[in-house]
Amino acid sequence: MPLTWLLDRFREHADDDAIVWHDQITRYGELLERVERAEEFLRANDVRPGQAVMLDADFSPNAIALLLAAMQNRNIIVPIARHVTADRDKYCRLAQVSHRLSVNADDSYGCVSETGIEPSHELYKQLHESQSPGLILFSSGSTGEPKGAVHSLDFLLNKFKLSRHTQRMITFLLFDHIGGFNTMMYGLANHGCIITLPSRDAATVCRAVEKYRAEVLPASPTFLNLLLVSGEYAKHDLSSLKIINYATEVMPAATLERLNAAFPGVTFRQSYGMTELGIMRTQSRDNASTWIRVGGEDYQTRVVDNILHIKAKSSMLGYLNAPSPFDAEGWFNTQDEVEVDGEWLRFKGRKSDIINVGGEKVYPAEVETVILEVDNIADATVTKEANPLTGSIVVAEVTLHQDEPLPNVIKRIRQHCFSKLPSYKVPVKIRLSDASARVSERFKKQRGEK
Numbered sequence: 001m002p003l004t005w006l007l008d009r010f011r012e013h014a015d016d017d018a019i020v021w022h023d024q025i026t027r028y029g030e031l032l033e034r035v036e037r038a039e040e041f042l043r044a045n046d047v048r049p050g051q052a053v054m055l056d057a058d059f060s061p062n063a064i065a066l067l068l069a070a071m072q073n074r075n076i077i078v079p080i081a082r083h084v085t086a087d088r089d090k091y092c093r094l095a096q097v098s099h100r101l102s103v104n105a106d107d108s109y110g111c112v113s114e115t116g117i118e119p120s121h122e123l124y125k126q127l128h129e130s131q132s133p134g135l136i137l138f139s140s141g142s143t144g145e146p147k148g149a150v151h152s153l154d155f156l157l158n159k160f161k162l163s164r165h166t167q168r169m170i171t172f173l174l175f176d177h178i179g180g181f182n183t184m185m186y187g188l189a190n191h192g193c194i195i196t197l198p199s200r201d202a203a204t205v206c207r208a209v210e211k212y213r214a215e216v217l218p219a220s221p222t223f224l225n226l227l228l229v230s231g232e233y234a235k236h237d238l239s240s241l242k243i244i245n246y247a248t249e250v251m252p253a254a255t256l257e258r259l260n261a262a263f264p265g266v267t268f269r270q271s272y273g274m275t276e277l278g279i280m281r282t283q284s285r286d287n288a289s290t291w292i293r294v295g296g297e298d299y300q301t302r303v304v305d306n307i308l309h310i311k312a313k314s315s316m317l318g319y320l321n322a323p324s325p326f327d328a329e330g331w332f333n334t335q336d337e338v339e340v341d342g343e344w345l346r347f348k349g350r351k352s353d354i355i356n357v358g359g360e361k362v363y364p365a366e367v368e369t370v371i372l373e374v375d376n377i378a379d380a381t382v383t384k385e386a387n388p389l390t391g392s393i394v395v396a397e398v399t400l401h402q403d404e405p406l407p408n409v410i411k412r413i414r415q416h417c418f419s420k421l422p423s424y425k426v427p428v429k430i431r432l433s434d435a436s437a438r439v440s441e442r443f444k445k446q447r448g449e450k
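Here the sequence shown is numbered in full-length UniProt numbering, starting from 1 and rising by one per residue.
Bear in mind the hints are in silico, worked out from the structure with no lab data behind them. Check before you lean on any hint, since a few could be wrong.
[Stated by the list, open to error] Simulated pairs of lysine-lysine, BS3-like, Cα-Cα distance not exceeding 27 Å: (1) K125 to K161; (2) K411 to K147; (3) K313 to K351; (4) K147 to K211; (5) K125 to K147; (6) K311 to K348; (7) K361 to K348; (8) K361 to K351; (9) K313 to K361; (10) K429 to K351; (11) K411 to K361; (12) K235 to K161; (13) K348 to K313; (14) K420 to K147; (15) K125 to K90; (16) K147 to K311; (17) K411 to K429; (18) K348 to K235; (19) K211 to K242; (20) K420 to K361; (21) K125 to K311; (22) K235 to K211; (23) K161 to K361; (24) K351 to K420; (25) K161 to K313.
[Claimed, not checked] Estimated spans, in silico, between C-beta atoms of each pair: (26) M1 to R27: 43 to 49 Å; (27) I243 to Q335: 25 to 31 Å; (28) D327 to K125: 21 to 27 Å; (29) A261 to S120: 39 to 45 Å.
Remember, it's a predicted structure, so these values are computed and weren't measured experimentally. All C-beta atoms in this analysis are idealised placements derived from N, C-alpha and C, irrespective of residue type, glycine included.
Using the sequences and the hints given, assemble the complete structure.
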């Protein structure tokens with residue numbers, strides 16, 4: 001069976017903490033029993049191997065057990081985080097879902113609805129032939145129509161069979177996100193403890209770290225800056241934290257510097273992954289550096305015209321609703337522009353985020369880093385506006401630590417930017433905004449043109 005190796009580890013560590021959910025602790029012995037009950041639930045509802053199932057849930061003991069049971073049953077699983085309301089029916093049709101399953105907010109099983117659809121997609125035939133369970137993850141759609149990535153779980157889970165460090169981890173990233181899936185599977189595979197969150201605001205995260213002595217916090221740079229702005233980190237005992245993993249977007253150097261000052265003794269580790277490829281092992285040059293090595297035994301990397309390309313054993317089989325993005329040799333164009341220093345890479349930004357000002361490239365993260373060096377600036381988001389002469393102009397939205405007249409802020413920002421940047425990168429317009437105003441549900445900056 002696909003998860004025999006994992007369930008054997010549950011038995012070996014039956015008395016260890018597995019999941020913290022709503023202040024209740026589930027140990028591995030109990031989680032194993034929940035998986036067995038979930039398998040009975042699937043049989044009772046005639047969920048057959050090879051069928052696609054949508055699982056509407058968030059991280060909770062029964063949701064995790066049902067997800068694992070569906071893997072054991074060799075189903076093709078479409079996880080949908082409970083708060084996602086848009087496009088559910090579309091995802092269901094695209095994924096050829098035969099059963100819609102749900103786990104309620106109180107962790108009880110919800111209703112089961114059958115669609116009568118049987119999977120016939122060409123990529124599903126590959127899963128059926130290999131007798132592998134599948135995982136469908138939909139992209140956020142931040143740069144266009146959401147695409148459904150089809151993964152073979154045999155490939156995706158293979159790296160977790162090698163035992164690594166046992167850790168107590170916060171599940172900050174979402175249930176239907178490749179990073180959230182990776183956090184969950186790493187924790188379970190290494191008999192660690194998964195600490196779930198009732199909400200993902202700074203105060204709730206800090207309370208969970210303090211109360212349950214979390215050692216690892218995976219998060220986005222945007223959330224980590226919101227954490228700094230909130231000041232909540234100073235109100236709680238976060239001394240248990242050993243590692244803060246950050247990923248999903250570029251980390252401004254100024255924010256990383258502030259984080260190191262706020263969390264002395266914590267290792268900051270930049271991760272890298274994509275829905276299409278899985279999560280790669282990385283190594284940061286040092287704690288204050290945004291330069292990293294990307295790869296590992298199952299990954300190859302190359303840089304073509306400053307764009308990172310990756311070949312991965314754990315890459316998806318393809319998209320449900322789009323042509324294959326892989327070239328004839330299996331390389332995937334990440335669309336991430338990078339600087340190269342020997343074996344080290346530094347991410348400059350996603351190609352779609354680059355602002356074109358009169359033919360010159362502007363990387364929002366570079367400008368944000370400079371703005372964050374200015375006194376009284378708590379947060380900055382750089383975006384663009386259309387301009388008939390230059391195509392686009394640079395616009396900055398900033399959040400202040402303390403109120404002050406906007407003209408003073410604008411003068412100080414522009415003076416500092418002109419001292420550090422070419423004139424075409426200096427913001428033409430500067431506005432005040434709330435730090436959370438341009439944050440997506442996945443805690444990434446939204447840079448859509450206004």
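Hints, one by one, checked against the model:
1. For the suggested pair K125 and K161, the alpha carbons sit about 26 Å apart, so the restraint of at most 27 Å is met.
2. Among the hinted pairs, K411 with K147 is inconsistent with the structure: their alpha-carbon atoms are about 43 Å apart, more than 27 Å.
3. Of the supplied pair hints, the one linking K313 and K351 holds, its CA atoms being roughly 25 Å apart against a limit of 27 Å.
4. Using a Cα cut-off of 27 Å, the hinted pair K147 and K211 is violated, with the two alpha carbons roughly 38 Å apart.
5. For the hint linking K125 to K147, the alpha-carbon distance of about 19 Å falls within 27 Å, and the restraint holds.
6. Using a Cα cut-off of 27 Å, the hinted pair K311 and K348 holds, with the two alpha carbons roughly 21 Å apart.
7. In summary, the hint linking K361 to K348 is supported, as the alpha carbons are separated by about 11 Å, within the 27 Å threshold.
8. Proximity of K361 to K351 is assessed by CA-CA distance (about 10 Å); at most 27 Å being required, the pair is judged to hold.
9. Between K313 and K361 the alpha-carbon distance is near 33 Å, which puts this suggested pair outside the 27 Å criterion.
10. Note on K429 and K351: the hinted pairing holds, with a Cα-Cα distance of about 23 Å set against a maximum of 27 Å.
11. A hinted pair counts as satisfied when its Cα atoms are at most 27 Å apart, and K411 with K361 qualifies at roughly 24 Å.
12. For the hint linking K235 to K161, the alpha-carbon distance of about 39 Å lies beyond 27 Å, and the restraint is violated.
13. The hinted pair formed by K348 and K313 meets the criterion: a straight-line CA distance of about 26 Å does not exceed 27 Å.
14. For the given pair, K420 sits about 39 Å from K147 by alpha-carbon distance, which is inconsistent with the 27 Å threshold.
15. With a C-alpha separation of about 21 Å, the suggested pairing of K125 with K90 holds against the 27 Å cut-off.
16. Pair hint K147 plus K311 holds up; C-alpha atoms about 19 Å apart against a cutoff of 27 Å.
17. This hinted pair checks out: K411 and K429 have alpha carbons roughly 11 Å apart, not beyond 27 Å.
18. Of the pairs offered as hints, the one joining K348 and K235 is violated, with about 34 Å between alpha carbons and a cut-off of 27 Å exceeded.
19. About 15 Å separates the Cα atoms of K211 and K242, which keeps this hinted pair within 27 Å; it holds.
20. Pair hint K420 plus K361 holds up; C-alpha atoms about 16 Å apart against a cutoff of 27 Å.
21. Among the hinted pairs, K125 with K311 is consistent with the structure: their alpha-carbon atoms are about 23 Å apart, no more than 27 Å.
22. Distance restraint check for K235 and K211: the Cα-Cα separation of roughly 13 Å lies within the 27 Å cut-off, and the hinted pair is therefore satisfied.
23. Distance check on the hinted pair: K161 and K361 sit about 43 Å apart at the alpha-carbon level, beyond 27 Å; violated.
24. The straight-line distance between the Cα atoms of K351 and K420 is roughly 23 Å, inside the 27 Å bound, and the hint therefore holds.
25. The straight-line distance between the Cα atoms of K161 and K313 is roughly 15 Å, inside the 27 Å bound, and the hint therefore holds.
26. At roughly 22 Å, the beta-carbon separation of M1 and R27 lies outside the given 43 to 49 Å, and the hint is violated.
27. With their beta carbons about 28 Å apart, I243 and Q335 fall inside the hinted range of 25 to 31 Å.
28. A beta carbon spacing of about 23 Å between D327 and K125 agrees with the range 21 to 27 Å that was offered as a hint.
29. The hint said 39 to 45 Å for the Cβ distance between A261 and S120, and at roughly 56 Å that hint is violated.
In summary, the numbered hints that this structure violates are 2, 4, 9, 12, 14, 18, 23, 26, 29.
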